[in-house]
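Required output: the full structure, derived from the provided sequences and hints.
The chain contents come next:
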Amino acid sequence: MSINEKFIPIKKGLLEFLVLKIIAADKVYAADILRELSETEFATQEGTLYPLLSKMRREQLVDYEWKESEAGPPRKYYQLTAKGRERLRETTDYWQKISGTVKSLGQKSGSSQ
Amino acid sequence: MNKVITINLNGNAFPLEESGYEALRTYLEDAARALEGNPDRDEIIADIEQSIADKFRAVLGPYKTVVASREVERIIVEMGPVEGGAPGSDTGAAGGGTSGGAAAPAGPAEAAAAPGGSVRRLYRIRDGAMLGGVCNGLAIYFGVDVTIIRIVFVLLAFVSGIGALAYLIMMIVVPRANTPEKMAAATGSPSTAQEFIRRAKEGYYEGMKSFRSRREHREWRRRFRREMRGWRQSFKEKMRANADQWRRNWHWQWTRHPAYGCRPYVATPFVSLLKTLLDVAFLFALVSLVATRGAFGFHLPGGMHLWLALIILFVGYHVLAWPLRAMKHACGYGAWGPFGFRPAVLVLDFLIWAAVVGLILWYGFHHSQQVREITDKIPPAVHDGVDSFRAWWARR
Chain U
2 MSINEKFIPI KKGLLEFLVL KIIAADKVYA ADILRELSET EFATQEGTLY
52 PLLSKMRREQ LVDYEWKESE AGPPRKYYQL TAKGRERLRE TTDYWQKISG
102 TVKSLGQKSG SSQ
Chain R
785 MNKVITINLN GNAFPLEESG YEALRTYLED AARALEGNPD RDEIIADIEQ
835 SIADKFRAVL GPYKTVVASR EVERIIVEMG PVEGGAPGSD TGAAGGGTSG
885 GAAAPAGPAE AAAAPGGSVR RLYRIRDGAM LGGVCNGLAI YFGVDVTIIR
935 IVFVLLAFVS GIGALAYLIM MIVVPRANTP EKMAAATGSP STAQEFIRRA
985 KEGYYEGMKS FRSRREHREW RRRFRREMRG WRQSFKEKMR ANADQWRRNW
1035 HWQWTRHPAY GCRPYVATPF VSLLKTLLDV AFLFALVSLV ATRGAFGFHL
1085 PGGMHLWLAL IILFVGYHVL AWPLRAMKHA CGYGAWGPFG FRPAVLVLDF
1135 LIWAAVVGLI LWYGFHHSQQ VREITDKIPP AVHDGVDSFR AWWARR
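Residue numbers (my numbering), protein chains in the order written: chain U, 2 to 114; chain R, 785 to 1180.
Don't take every hint at face value.
[Claimed, not checked] Once the Cα atoms are required to be at most 35 Å apart in a straight line, the calculated DSBU-like pairs of lysine-lysine come out as:
1. U:LYS7 x R:LYS839
2. R:LYS839 x U:LYS22
3. U:LYS28 x R:LYS848
4. U:LYS68 x U:LYS7
5. U:LYS13 x U:LYS84
6. R:LYS839 x U:LYS68
7. R:LYS1020 x U:LYS28
8. U:LYS13 x R:LYS839
9. U:LYS12 x R:LYS839
[Said to hold, decoys possible] Away from chain U, derived, C-beta distances all over 10 Å, residues of chain R:
10. THR931
11. PRO1107
12. PRO1164
Calculated from the structure, these hints are not laboratory results. Please read all numbers here as calculations on a predicted model, not as lab measurements. By construction, the Cβ of each residue, glycine as well, lies at the ideal position given by its N, Cα and C atoms.
Put into structure tokens, the structure is as follows:
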């Protein structure tokens, strides 16, 4: 099993966090999110993103508004709700704790490499 | 040369090569199946269709008007398989992390709200409601079909009007589930009516999917509407025929058995007095139960639900009132009585009723703190009721 395959469930679990981060930075529509993720290890597809966005909307983390686009039909532009910002803050804190743990673990005793 | 099929993606028409059309249809059907049970299914599918439409538009140009099969296949691969994301299957990255998966899968709304655990609360639920959502709320509260509750209310309303009165009172007293949290407190799952509507929509949607051309689709829709109209019409006619039958039976019953040795002007005051006292006692008990959880010095035991007590009260009242009402009818009160309709009896009855109610109200105002407290509470409750009625009317 390649390292990439091993991390599939973790990456999937982190997707909501990353989407929250992207939406927090700017009002975006789904293709913007996909583009931004496509350059990273977290590249994903419409088939995953749309169900996730609709779940987040149902949990009132994000909200959308229809906006006219210069080319084609109107698009859904997503933005964070107050609850979404709160969730992002909590998740960021938790993520920092986790990555701190990953970094520090095994360094005191120096036994494992 | 390939056959070309024109499809409709979320309101956009695209010509596709036939095998590409088959591939796309399979993809969308798989997506619909994967999203089975997801409350936002239709919306997600619409989003996905829109996104495919955007991609199709990108490959088409002034000299290229048909989407080729391999382009459809490439786009399907780009889209990726649609993942279920049904409620409870995945709670995202945030949260307690590795709690051993002890928590049973619960809908997100349920998990977020309802701090009282599994205790249900009675709310009026507007989704799928016919009037104010009282029956809907009761049905969910007791976990029975809403139709049964509606029938009970309608029957009570027919028998004495008490069904309508109870509905009005509950409309004023029972709060409306106007937030997702309250909705979750009222129920853990979507209401039956909502579920029904969702399923109906899905069926509709599935039907639309499998049509090969717009014309066929339009034809099908026209037929569907016509059938619905016909069904509704025949249902109405049947209900009307039933009502006529009832009325005839009722009339027959009274006209064929006129042999009560009743003297209307002697019996009426007596019966009316009893009936009025019973009505007043019932109303007092009702208001007092709702306001103070007790009546006539009796208090509800801790575990007993208020609504159960109210239903017992309703039933008890009807058991006591039924013979009195039958006697009143027998004495010529109504048009169905054996002696026909006697206005004088009606006037006498009304005078007695007004006198007793007036006396009791006057006494209550001057001698009872409790009555005054209750009457103080009525105006805001009425305002709330009127507001919600107006909102309901505006939505019509």
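So, going through the hints one by one against the coordinates:
| no. | hint | result |
| --- | --- | --- |
| 1 | U:LYS7 x R:LYS839 | holds (32 Å) |
| 2 | R:LYS839 x U:LYS22 | holds (26 Å) |
| 3 | U:LYS28 x R:LYS848 | holds (34 Å) |
| 4 | U:LYS68 x U:LYS7 | violated (39 Å) |
| 5 | U:LYS13 x U:LYS84 | holds (21 Å) |
| 6 | R:LYS839 x U:LYS68 | holds (19 Å) |
| 7 | R:LYS1020 x U:LYS28 | violated (51 Å) |
| 8 | U:LYS13 x R:LYS839 | holds (25 Å) |
| 9 | U:LYS12 x R:LYS839 | holds (26 Å) |
| 10 | THR931 | holds (29 Å) |
| 11 | PRO1107 | holds (55 Å) |
| 12 | PRO1164 | holds (30 Å) |
Of the numbered hints stated above, those contradicted by the structure are hints 4 and 7, listed in ascending order.
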